[in-house]
Structures are given as structure tokens and as C-alpha cells.
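Given two chains presented individually in distinct reference frames, assemble the corresponding complex, making use of the accompanying hints.
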Amino acid sequence: MANEFYQVLELSPQATQEEIKRSYFRLVRKYSPEKDPERFKSIREAYETLSDVKARENYDSLQQNGEEISELTNQAQEKMSEGEWKTAIPILKKILVFLPTAHQARNQLGICFTREQDWDNALKVYRKLTRDNPDVPLYWSNYGATFKQYAESLPDDNPKKKELYQQAREQFKKAIDLEPYNSEPYLENSRSYTEEADYTRALSWKERAIGADGKTDFQDFEALFYICIIYLRSGEFDKIQTVAQRIISLLPTNDEDIRQYVAAKFYNSGLEIAQIGFANGNVELLKAASSFFKAAKTFDPDDEDTKRLKGKVDQIIQAYEKLDSLKEDSQISPGFYNLAAFYLASALNEEIEDADTLLNNIINLIFRTNQTNIINSVRRIKSFYFSIYQLNESLFDKIEEVAQERASKPSFFGGIGKLFGF
Amino acid sequence: MSKDFAIGIDLGTSTSEICVYRKGESQPIPDPNTKVPIIPSIVAISSKGELLVGDLARSRVDLPGEGIREVKRKMGTGEKVILQGKEYRPEEVSALILRKLKENAEEALGTTIKEVVISVPANFPDASRQATLTAGELAGLKVLRLINEPTAAALAFGINNIDVEEQLVVFDFGGGTLDITVLEMVAGVLDVKSSFGDSHLGGKDFDETMKALILGKFEAEYPDAHISEKSRYALKDVAESAKKVLSTQHSHTVFVSNFALQSNELIDLDVEVTRQEFEQAIAPLLERARECVRQALNAKKIRPSAIDRVLLVGGTTYIPAVRRLASEIFCREPLADVNPDLAVGIGASISAALSQDLISDESSIILTDVAPFGLGIDVISEIGGQKMLTYQPLILPNTTIPYSVTKKYSLMRADQTEVEIKLYQDHKGNARLPQDAVDTGIVGSITDIPPASNGIPYPLEVEFSYDTNGIATVKASIPAIDKSVEISYGKSASRMDEGDKTEAKDRLQELWRKNEKAKGYEAIVDKAERFMADISAEERASLSEALRELKEALTNDDASKIETAGERLVDLMFDLENRE
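Respectively, the protein sequence lines represent chains X and E. My numbering puts the first sequence at residues 1 to 422. My numbering puts the second sequence at residues 1 to 580.
Chain E extracted, bound-state conformation (with noise of 0.2 Å):
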């Protein structure tokens, strides 16, 4: 029987979410605990070594050591996290969140689930996809396609609009980054003209602000008072909260007892905070979110009157000042055309019915995308009659992708043994000197090169490609004697590589130990191991099922879940022992 659903997910920085696309309509699928379709992006081990993720990880998350938040924010980089002690990728982080998010939705469809569509922000650069694909491939899902926040949003949206004609802005503000994406939906085609963002600037920021105003006015009224390291924890918690409310209250007192310390004596945190206040704190930060607005619109030239419709999508644009910043930049209210909460990851989802052909042609939407940077080579040219090292860009930001193009160089001298290809990004389009573009750190180069005989340089040829996930690949070739180069992020040294992923694979596997429960468990299981390889393989078969079984139950601290796989290894076990 083929699948009758489709599942996408929205990765996001501070929350996450599953959603499931069948019969038409496409639904989030609530956490079995809370009841509440949206999660937190949060992961923590606990000191008796349980593993936490999501909701349950809340009261761990914060203390020193034990939990991660906005791993998002780390992916591509190659930074590790470190948990009661042990190095994580950020891969591995959030493979816990999507392992989580794909057990919720297998529980409540009661169908294990392998491919998704995932969410990634548009300005999202290239290291940051492939380590999204990475996490779900840790995860054991297989990712049908990345597709861009916004461009979901606006998915959600024009599904059920497909008639409509218009210019449309997504204005995603999410926890961490910003996106503006310029749209123009015809004939039920969304083509993105352009999209513009700024990858540090979410929600997290204004958190920040509200805690540093927080903490400013109560310096002022105590200015010797000492805040422990957990206090300033709290803190984080409660300026999330002041935030929220301030969305919808004018003002708000914080409160936190015991607080501080000052002349030996504990003093509580109760501050009041306005909106007003806040507004003012949070002015440079809408300051960067109207620049990125002004970016996206110039990038194509479109005046804001053009925009017929405003999607605004992310959960910081509940706040009021921002709602206020988008209409006034449009001058148009933005409608409540889609949950700004849910949109991308039912959106993802509706992505993953249309490329598993579960939307009927008619109904249909097709996307196109653009790719949110430029990318570049150096390459030495003359300037004013001095050689330089200049940016010479194969893919301008804001270009539709697919995208490939062929250019032509020369080496610099015919006894040149080794040429080097190194790529940049352009975040505005502007460069003209590596220096003002990104070192992406992916670089290779064709070496052994005989010198040329006729005394001239070899041309060098550079074909460049970018693909509708957003991955790029750089294929430098000689064509004169036959050697090329091929660079991508997935050749590149900060990605992880084969032998990489089957540790992060075996480091998930051994959080089972990391429950208080699995004391009764490790000899039974390390015995197990051991016996694996005299067995048949049918007997190894239900064996490594029940080892499976046990260690998942452990590793998500579902007792009756551990009690039975507990017993069943056991009576796998004796069976095994006492056979004839």
C-alpha cells in the first residue's frame, strides 16, 4: 500500500514542530505530554543521566552543563556542545529534537515515518544545510528536501489560495534569525524574486534586551548586590516570559525570590517593565529588521506599494512593535492569513506531499527559489596596473535556482605547477575583494599540472552549480590536460564525514546508559552484545530488535516501555542459554 501522508518539519531555533500532511489538510501534530503541537528546541541530560528533550528538558536546560538551547544557531559551524561532560556536534543535538519530534508523530499516526521535508532559514548558508541533512540522517530519517522557512509559510498560504495573483512579503521573524522574501504567486506558481536576512537577529536578541533591562533596573536600585550564576539562569526564563507578556499588557513586574545577595542578605528581583521601555531597548534591533526589508525589496527593485499581502510568520512577530514595524514599511495591516507559529512546518509538510505526488497536478503549487547569498572565487586580476586577489562571483545573491554557470579563466604562468579554488559568500552582492566576502572554508585544488609547452597559461574552466536544496558545487577543471577539481560543502573538512556520523550514530546509541534505570540493564545488555556473534541469524535478528527496543525505551525514559522490552530481552536470553 503506498503512504497516504506526507510529514514535514520545522526545525527551529527556539521551538520545533511536526506536521503531517493527509487527506488534503495538513495538521500539526501535538506533543503527547503537553498536548501542544509546538516543542521546544531544547535538550538536556540530567545529573542521574536522563535524557531530556523538549518540554520535559525545561527545568533542566538552563543549569550549568546539563542542557543546550538554539543549537540551531551553531549548525555548520563545527563548534561542539558539551553535555554533563561530553562533546556533541550540533548535528547530533538536533537529531535528539527531530528523534523526539519523529516519535511523537509515529505515536499519535502509530506508522514509523522516514521521509520528511525540514525547514531551514533562507539565509541559511550552505555548511548549515548540509549539517541540517546530516541531523536527520542521524535521526534515521531520509530527507526528501530542505526547503526555505518562508517559502513554506507562503506554501501554507498559497495552497489554499491557488487562484490568487498577487506580490506577497513573508516577513519570518523567528528565535534567531530574520527573513524577508519578496514573492509573486501566478498561476499557482510561487517564484521567489528575492529574499533577504540577517542570521543574527531573532527572538533570542530581544530576550537578551529584555533581560539587560531587566537586570539594568535592578542595578540601579541595588547597585553592590551579588547575582549568582543560577540566578542570572532564572533570569533567562523570565525575560522570555516578560516578553510574551508585554505582547499583550503594557506592563508586567518581574518577580524572582532570592534573587540576590547584598550585605548578606537575600533580596528578591521585582522589577516593573513596560512596554514602552521595552520598545525603546528593542529600537537598534527593528532598526536591522527595516534594513533587512529595504535589502530584500532593492535587491529587485520593488517598491513596498507593490506588496499586495504581508505574511507575517515566527513567533517574534507577536510583538506588537514588530506587527507595527511591518505595516507601517507596507503600509498595509498584515493579515492573519497564516499561523505565524505553525505555517512553516505545515507548509514543510504540504512540500512533502508535493514531492511524494500526494497533491493532485490541479491543485498543485510549484516553487521556485532563489539562493540567499552570492558565491565566489578569487582570482587574481590587475588593478590600476597592480596584481590582486579579487572576488569574482559565479552566483550574485538572490539569483533563481537552480542555477549553473560555465566561466573562463587562465592560469597566471605556463610553468604554474598547482592552482587553488577557494569559495566565498557574498551576503549582499557587493564584493569585490575576497576581504569583503566570507571565507566558507571550502577549498580545493588541481596539483601535478605540467608546464604548458607553447609557453601560454592553461585556460582554466570553473562550472559552478547550486541546486534547489541550496548546496553548491564547484567543478575547476584544465581542460588541456584532462585534471580537474571538484569542491563542495560535502567535500569540505568541517562537515562531518562517513566515520564521523557512525560515532555520533553509536554516541545516540549509548545514551541509554545515561538513565538511572539502565543500572539493571548495562550487564544483561553488554552479555547480549557478546552473544551476538555466535547466534544464527534469525536468533541475532529478534535479538538486536529487543537490544533496540530496550535501549530506545532507556534513552526516552518511558518506564512501562522499559519494564516490557526489559523482560523480553531477558526471556530472548534464557532461551538463547538453555538451548538444547
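For reference, chain X alone in the conformation it holds in the complex (with noise of 0.2 Å):
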């Protein structure tokens, strides 16, 4: 029924706030609570919306336009469930023109600009739904989101970027106060500061966030895990097993999923992370990697590729902590630290120029000595220097074959690096 509440109280709609406030005390003595609840309940309701001014304009509104704006929010509904964020806009304008308290359609609106990367717009929408509606996180949100957005869209030798940074971060504060239990906005500012390389307070509030709903629990898995991504662009690759030791005291016991889960997440990261690692021949990130696949093996620890790809990289590292010991062990013959260094790059995928050259003057650098001390070396590499040994057994197995095989066949010479065709 249209302008059911103005019928309810016996008014027009054109009625002014004296006569609607006459109109219901009218009324409440004729329908009282006591002898007629229904009926009461009825005039009550329509006396609320009308004797508040926004809400009557709210609700007038509704009457007069109910249908056209039920339309439009389906459309607008439709074209943001495509991503058509451009055309969504001028129907949720038009809505919130009939109905400026469509908070739902603000809301929208701020996400739509967002998307379209058109910021200034944006955060006059969030700036305006915050001020109207104080008491409700998700705008804040929003609008702490909108700062953020903008912040990262921006190169990073903009010197607008920490402002807005610190814009996202009051925002976010703010649903904070009104839902601590929260751990979304937390993980927002965490982050932010993650992107300043602010590694300290990015931590601070990452524990916040795992504190949020006042239990640690499987639930803050994720809040976690981004501790360990922080402590790797942090270089602290050793707390990353303390967290993930962590996260094994508050993983549900005998829920294999769960577990399986966890351990790909920390697979998948540890192998990135080696990719990035070989990629730039860097020891450091192999180590990060290294304790991702530890952590990953933790969880579960019978997974094939996690086992051989934590092996791989071990190796790796371990060969590189070694290679500087071996130069200056006197036991082994000259020549060798070269290979060691040469396959350990090789390894880390470093560009060797010239590398058949280089590996054959190598080669002939160890058969110089005499062949009792290159089998003595090899050894001794074998025994005391096995991750090097690792990094190519059949090269070194073979230096050793061919050592023996010329002591007691003298007279054999010849390109002994062609033989193995690397």
C-alpha cells in the first residue's frame, strides 16, 4: 500500500511535523498499548520514520519512486558483477539522487571510482559515508582502502605516497575502535607499512591482527604466514621457522587437509622464492627458500617435491658456506676451489662467460699436480666437503677414475672436460 504510514496516522502526506506529532498522540490515546497492541505497534512504527526527517524523506521517497529505484539497483548490481565499473557509476548516482541515504549505493559508487582508479572522486564518496554513517567499520574501511589503492598506484619516488599511506592507516584506525575484533584492518595497515619497509611496526600490527578476535587460533593462518613474508623482506630468515613453529601448535590435529594446505602455501612461496633465489645467484633468498621448505616439510612430511627441492637448495647453500674453506684448506690440490665455484655458479644460475673454455683450463689446472694428490683431494672433497662433491658427483668421480687410471697408465693425456660434454 502507498504512503501506508500517512494513512496509518490519518494524515496526508503533505502534513506538516506539528500535525504528525498531533496525529499520533491522537491516536495512542484512542489505540492504546494496553488496549489495543496492534494496532499501536502500527501507529508507533509509522510515527518513528515520520517524526524523523530524514528518515520521512527517506521513506517519501521510496513511495514516490520505490520502483524505479529497486530497478536501478539491480542494474547497478549487474554491471559491477561484470566489472563494468564505468557504467555503474551514473545509475548509482541517479539512485542516490532520489534516495541520498542509499548508504548501500554510496558504498558502491566508492568502490566503482576505486576500481576506476579515479581517487579524488573515491574518497569524496568515503569521505562523505563516514561522516554520515560514523559508527560503521566497513566504510572506513573503504575509505582507508581507497588511500591505499592510490598509494600503491603511485611510483615510488612520489613524495604524496607516505601521506596517503598514513591517510589509509588513520582510516583504518578507525574501524579498529569500532570493531577490534576485526583482523582485516589490521592486516591493512601491516601491510602498508610492509610497502614502507617499515618492517617493525608492519610486525607490531600483524600481531594485533592475530590478536584481534582475542584467540589465536587456525584462523589467523594467514595473519601468520604474512609475519613470515615480512621477516623475509626483513632478512630475519630464521624467525621464519619460529613462526611457523607457531603455526604447528595452533593447526587442528587430524585434519589432513588443513595440513596439506598449509604445507603447499609454504611449498609454493619457498619455490618462488628459490626461483628469485637462482635467478640472481642469491644465497640469501636460498636460505629464506630454504626455510620455507623446512617449514613446509614440517607440515607435511612426506611430500616428494618438498623433500628434493629443500634438498636441492640445502645442498646449494650448504656448498656455498663451504666453498670458503675449502680455498683454504692446504690438503686439497690448486684447482679445485675453481671447480667447486664454477659448478656452485652454474648452480645459482649465474652467467659464466666463455664457460668451455674456462671449465678446461680448470681441468688442466688439477692434472697438473700429480695424481696421488688429486685422488687425496677428491677424497678429502668427498669426506669433508660432500655438498660440494653434490654439486656434480660424476665430474668429480671421474677426476678421481682418471687420476688412478693415469697413475698407472702415464702416457694417457687428452681433453678430459669433453668427456662429460657439460
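Worth flagging that the hints you see were computed from the coordinates, not collected in a lab.
Rough simulated footprint, nothing fancy, chain E against chain X, three-plus residues with beta-carbon under 8 Å:
id : segment
1  : 34-46
2  : 181-189
Label-pair ranges, simulated between beta-carbon atoms:
id : chain 1 : residue 1 : chain 2 : residue 2 : range
3  : X       : N74       : E       : E463      : 28 to 34 Å
4  : E       : G499      : X       : R39       : 38 to 44 Å
5  : X       : R39       : E       : R22       : 30 to 36 Å
6  : X       : Q275      : E       : E463      : 57 to 63 Å
7  : E       : S410      : X       : Q64       : 30 to 36 Å
8  : E       : D448      : X       : Q64       : 46 to 52 Å
List of simulated lysine to aspartate or glutamate pairs, DMTMM-like, C-alpha gap at most 25 Å:
id : chain 1 : residue 1 : chain 2 : residue 2
9  : E       : K428      : X       : D177
10 : X       : K35       : E       : E25
11 : X       : K287      : X       : E272
12 : E       : K300      : X       : D60
13 : X       : K35       : E       : E362
14 : X       : K35       : E       : D361
15 : X       : K21       : E       : D361
16 : E       : K193      : E       : D467
17 : E       : K193      : X       : E38
18 : E       : K505      : E       : E107
19 : E       : K300      : X       : E18
20 : E       : K193      : X       : E18
21 : X       : K41       : E       : E463
22 : E       : K301      : X       : D177
23 : X       : K174      : X       : D198
24 : E       : K301      : X       : D52
25 : E       : K428      : E       : E184
26 : X       : K265      : E       : E382
27 : E       : K422      : E       : D439
28 : X       : K30       : E       : E362
29 : E       : K301      : X       : E19
30 : E       : K408      : E       : D439
31 : X       : K41       : E       : E166
32 : E       : K301      : X       : E18
33 : E       : K23       : E       : D361
34 : X       : K287      : X       : E321
35 : E       : K300      : X       : D132
36 : E       : K408      : X       : E4
37 : E       : K142      : E       : D467
38 : E       : K230      : E       : D205
39 : X       : K174      : E       : E382
40 : E       : K300      : X       : E45
Ideal placement from N, C-alpha and C gives every residue a C-beta, glycine not left out.
Now the structure itself:
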């Protein structure tokens, strides 16, 4: 029924506020809460809406344009779900002309502007939305997210960036005040500090996110995992393992799916980091990757891929760490250090200029010494520098074999490097 | 002949009144002993077994294990009180006070009383309201309705000022609670706009502060004195009267002889307290009162200057600092429009008169009221990607009642077999999580839910209603499978069920044995009760009437009545024994 509230109060839609009040009191006298509770309830409902100027405007508008508004709302919904943000904007604006208090539509308008990277308009929408609804945490969060995305869209050297991140965090803090148990805005603050390489603050916000709902449980996994990423960025790889231990303690027992999910998450991140490490020849990154693999292994100890990859990465790290002592080792004959360095470099994907010639020269250098020294050096590498030996087991074996053959048949000479077709 | 009077009862934390409305006028009924229309809300049982209610209990109430004060603060908590080693529910103790009031009125009016309206603090939770209804029932009363105390006070004012159009505040500061209520009166309708209270702030807290002040002064002088338990009890009384004296005087000397023991020497309590010292000590209490006013006004965004009139109700408003606070907040002197002690009781009797149609339509007042608390249930919601238990309001504080609403939710999973509905109470209207609200202990569940065949969790409907007595009912139902559960305080575990009530009634009945004079009647009463089964209905009626009279007389320790009722019983028994 159109204008039902006016009918209940026996008024025309043009009634003044005074008339509304008079009518309410007159009708309550007639249909008191005691005598006619049902009638009273509807009189009261009508009065509550019509006596509040804003609520009345809203009601009037819905009465007049209700159908069109719901039609427009559907249209906007459809466009947004298709990602047609630009087309949705004028539709949402139209809704807001009819119904300025349609907060949901305004929020959607803000989302569209953000998607279109129309930062000024998006910020304007959220400024109004948060002013009109200061107690809705979602609007503060979206306001913050707009600032943050704006900041992220700017190049690193833009001086505005810092200010925008700061603004973002202020809005998120408002959301946190209202909804301290929602971890999302804490995470947002942490992310923005991470972007600014302020890892101490990033970590402290992360910790607050974890404690946000008053308990630490598996729900906090994403936040904890993000802490690992922060440690990765800040170079504190050893701490990744500590966090992994914390995650383990929160894992629900007997839930294989969750364990595998967590393991996969660590494995994939480890793989990604390892690839970057290999590509840049960065042993530090490999160490980080290793700690991710190690974590993955703790959650899913039987996964073959994890085992293999972790083995490989660890081996390279160990080889790298052994390289210096190998260099200083007087019992190792010349050339072996060069050989180890060569294979480590190629394991780390480092471009080596004129690799063939270089390797030939190294082999020749090795075989300049007497055969017993060569054999002893290989044996020593096998027992004391196993990870270096593992860089290319067959080559080391072949060198030993050749040296032994030579010891018995000293006449044999020739380009040994080519035997292995490296 | 239809009844020409109506009864209202103000069952207060520290004092109670009963008022009668008759011939267009409401009057408080004085206690026959003290001739004062106010009785202290205290009950005691002496070591001799006498039941003492009201003024008669004064000398014994503070003796350990013999008496009980402020039982109203325990109403609805399920907490028991102990009198002479026996446990009583707060409802039973309240029933004794109600019975005393009932008897006072019956004596004054010369007729029996059944229908009454009882007032309760606006911020009384559901459980306490139900407990009050039970107390009425135990006292043999039919409670027409409960009325919020400030609303009753406003009614006492409104009935004589039906043409007034203004916004008023009732500043109801009683013995146990503070209620601030904002009303608008137009066309003979008293429309409550908002109400906010502190259910643990009242005259008793001022007494405690005074006690601490006196004790502090004494101990400063005699740090090593030993104060006996009995002296500490005595201090309660002197603190209360010191508080009252300081409402009119600026300083007061508190004296209790032989108050404490120091180095084997008896020392008197003899300290002077000034109004200024007292006002300093109660400043934090006044701050809490100010906060209540702020909340009540903020709830409907009303500026203090929009208030045309302030009604002061309750004994605590006699304290000058409290009056000053009220006039300071509203920038106007509170007027003596109503009697602070009697307004609530008078209002309750007017309410009773209204509901029994004793007041003509033209001169009657219509009342609306609000829910003092928000109520809601816990529902799992997704917050920041996590599933969390959240508080979902069904009614916000200060919503006009009666009120009803239906909300739609859904079960979590299609294979869910059970769902629990739990009712929470939200004082300020800003709870977002169950832990921000108070668990009312009212809970119910729908069980044996069959799996949803289409794989979509069943929709769940929650129907909520709040009636004019301030009692809430929640019905949760799954229409698809035609299953539902209804929860309300009336069905909760902490309430007295019919069995409890019968037991309590019996226990109250048995109180006659506590009277020392009962010894002489016990044997014949027991014999008469054994006799009951074997006699005709007619004989049984007169015998049981005689028994009831005697027990009542013994319970009330009414010497002359005991004698006449006792004689009558002996006569009856003699006739029965010696019939042909």
C-alpha cells in the first residue's frame, strides 16, 4: 500500500511535523498499548519514521520512486558483477539523487570509483559516507583501502605516497576502534608498513591482527604467514622457522586437508623465493627459501617434491658455505676450488662467460699436480665437503678415476672436459 | 457490587508503600503500628522464631543470619538468602513484604485485596520482573501489570495535569537504583522517549560511602582498635541516619557507645562528619548519576535545555548534592511537583485504577513505555574473512513497547542437526559481540533437524516480541520442516517453576511454627490436619478456614487473634470429636 504510514496516522503526505505529532498522540489515546497493542505498534512504527525528518524524506522518496530505485539498484548490481564499473557509476549516482540516504549505493559508488582509479571522487564518496555513518566499520575500511590503493598506484619516488599511506592507516584505525575483533584492517595497516619497508611496525600490526578476535587459532594462519613474508623482506630468515612452529601449534590435529594446505602454501612460496634466488645468484634468498621448505616439510613430511627441492636448495647453500674453507684447505690441490666455484655459479644460474674454455682450463689446472694429490683431494672433498661433491658427483668421480688410471698408465693425456659434455 | 478502589504497590529496595485509589484520589495507607505510610523493606526472624516484617524487624534485621535488607537487589538472580539457618528465595522474602502491605491495606479498607499493580525499576531486567510477578503470586495477589517506577511517578504528576504539554525528566534515585526517564506529555498521553539507569547505584551506596567515611575517621584516631561484628552492623544504621541528617544540617556527630576495643579498653565512636566531607566522598557516585542522565538524553538526542520539568523521585533525591546535580544539568530548579517518597506508589495505584476502568476516559492518562535494555541473540557472521560469533540485536534499548519483529537467518550447513538460540541483554545498545552483552541464561534449541535435501541450509526465522510488562519472548522456527522453539524467561531454568512455588507457599505457610506461642498449638494443628481426610466437605471447609486464621495470626504474632483463632479451632475439633 502506498503511503501506508500516512494512512495509519490519518494524515496526508503533506502533513507538517506538528500535525504528525498531534495525530500520533491523538491516536495513542484512542488505541493505547494496553487496549490495542497491534494497532499501537503500527501507529508507533509510522510515527517513528515520519517524525524523523531524514527518515521521512527517505520514506517519501521510496513511496514515489520505489520501483525505479529498485530497478536501478538491480542494474547497478549487474554492471558491477560484470566489472563494468564505469557504466555502474551513473546508475548509482541516479539512485543517490532519489535517495540520498542509500548508504549501500554510495558505498558501491565508492568501489566503482576506486576500481576506475578515480581517486579524488572515490575519496569524496567515502568522506561523506563516513561522516554520515561514523559507526559503520565497513565504510572506514573502504575509505582506508582507497587511500592505500591510491598510494600503491603511485611510483616509488612520489612524495605523496607516504602521506597517503598515513591517511589509509588513520581510516583503518577508525574501523578497528569500532570492530576491534576484525583482523582485516590490522592486516591492511601491516601491509602498508611493509610497503614502506617499516618492518617493525608491520610486524606489530600483524601481531595485533592475530590477537584481534581475542584468541589465536588456525583462523590466524594467513596473518602468521604474512609475518613470514615480512621476515623475508626484512632478511630475518631464521625467524620464519619460529613462526612456522607457532603455526604448527595452532594447527587442528587430524585435519589432513588443512595441514596439506599449509604445507602447499609454504612450498609454493619457497619455490618462488628459490627461483628468484637462483635467478639472481642470491644465496641469502636461497636460505630464506630453505626455511620455507623446511616449514613445508614440518606440515607434510612425506611430500616428495618438498623433500627434493629442499634437499637441492640446502645442498647449494651448504656448498656455498663450505667454499671458503675449501679455498683455505692446504690438503686440497689447486684447481678444485675453481671447479667448485664454477659449479656453484652455474647452480645459481650465474652467467659464465666462455664457460667451455674456463672449465677446460680448470681441469687442466687440476691435472698439473701429481695423481696421488688429485686422488687424495677428491677423497677429501667427498668426506669433508660433501655438499660441494654433490654439485657434480659424476665429474668428481671421473676425475678420481682418470687420476687413478693415469697413476698406472702415465702416457694418457687429453681433453678430459669433453668426456662429460657439460 | 463492583470494586470502587484500586491498589498500587511500590516495592522498593529500602522502603515500600501501598496506595489506594478511590473516588478520584490516591492515598498511601499507613502502617497500623507506626502510623507512617512507608515501611522499611526488611524482614527478620528472631531467635525465638517470630517473623518480623517492616518496622518490627528493625531491631533484628542487622543481626547476622536473622534478617535481610535490600532483597530487591537479589530479585531474579536465583541467589538464596538465609534466615535462621534456612534458605529462602528472594521472591519469598519479597512476598513477605507484599503480604505485610496487603494486610495493612486490608485492615485499613476492611476488605480483602487481590488485584494490584506493582512498580519495578525501569532498568529491571526480565528475570527480576518475572521474580516480582512470582512474589506477588506467593503473597496471594493478582498482579494486573508491572509499571516502571519513573513512569508511575510521571503518572502521579500527569493525572493532575492532564492538559500540560511538555517534556519532562523523572530523576528517580531510590535506595538501590537510579533511573533517568525522559517523557513527553501531549493530549493526556505520557510518551516515554528514553530511559537509562544504573541498577547498582542508590541510597545504599551513599550509606556505604558514609560508613567508610565514619570508619576512616575513627580508625585514623584509633588505628589498633578492634571493632566487633556487632558494632559494624550498628554502624549501618548510624551511617544511614547521618546521611539523612546531613541533608538538612551542615555537620553531624556520630556517636556509638562502646564501639570498639583497644588495649582492653572500650572506646566510643564519636566522630564529626560535615556535609562537605560527605559530598567529597560521594563525588564518584554523582559522576555515575551524571553519566546516566547523559545516556538517557543522548539515546534520543535530546538537549537538556529542551526539558521543561524535572520530577525528583526516591529518597536519595533529598541529598542536597543530588538536587544540585539535577538543577545544574537541566539549568532549572526541580519543582516539588510530586512527593519523592510516595509518587511511585501513588502512580502504581493510578495505573491499577486505569486498568480497572475506575477513571473516566476524558480524565485518564495513556502511558507508553520503552524497553530499558536491548535484547539480541548470537549469530555466526563473517568478519574480515573469518567466521565469528556476533551479537545481533532484536530490540534496541529505548524502543517503544509493545514491540515485535521478525528476522530471517539461515542455518550454517545443510547437514546441521541442531541449532541453539541464546538471549543476550545489551545495556547501552552498542554490543557487537556476545561478550559485549550479558548472557541472560535464556536459551533453547531446535534438535533433530533432518538434512536439507537440496543441499541448501534451511532458512531460520526469529520472531521476537516484547510486551507492556517488559517481558520478552523469542520464537525461532524452521518453516521448511515445521520445527520451532520458544524461549522466554518464563521458560528458563533460573525461574521458580510451579513445584518451587508450591514449596515456597508451604514454606511461608509453615512460618507460623516459628512463633514461640505456636508451641501450645502445634499438637492440635497437626491433629486437625490429620483429621481433614475423614470429614465431610462442609466440615473440612470450616476447619481449614480456622487453621488458616490461626496460622496467619501466629505468623504475624497477633496475640489477640491467636487467642480467638486458637479457641475457635479447639471448639471445632471438640465438636468433631464428639459428634454423634
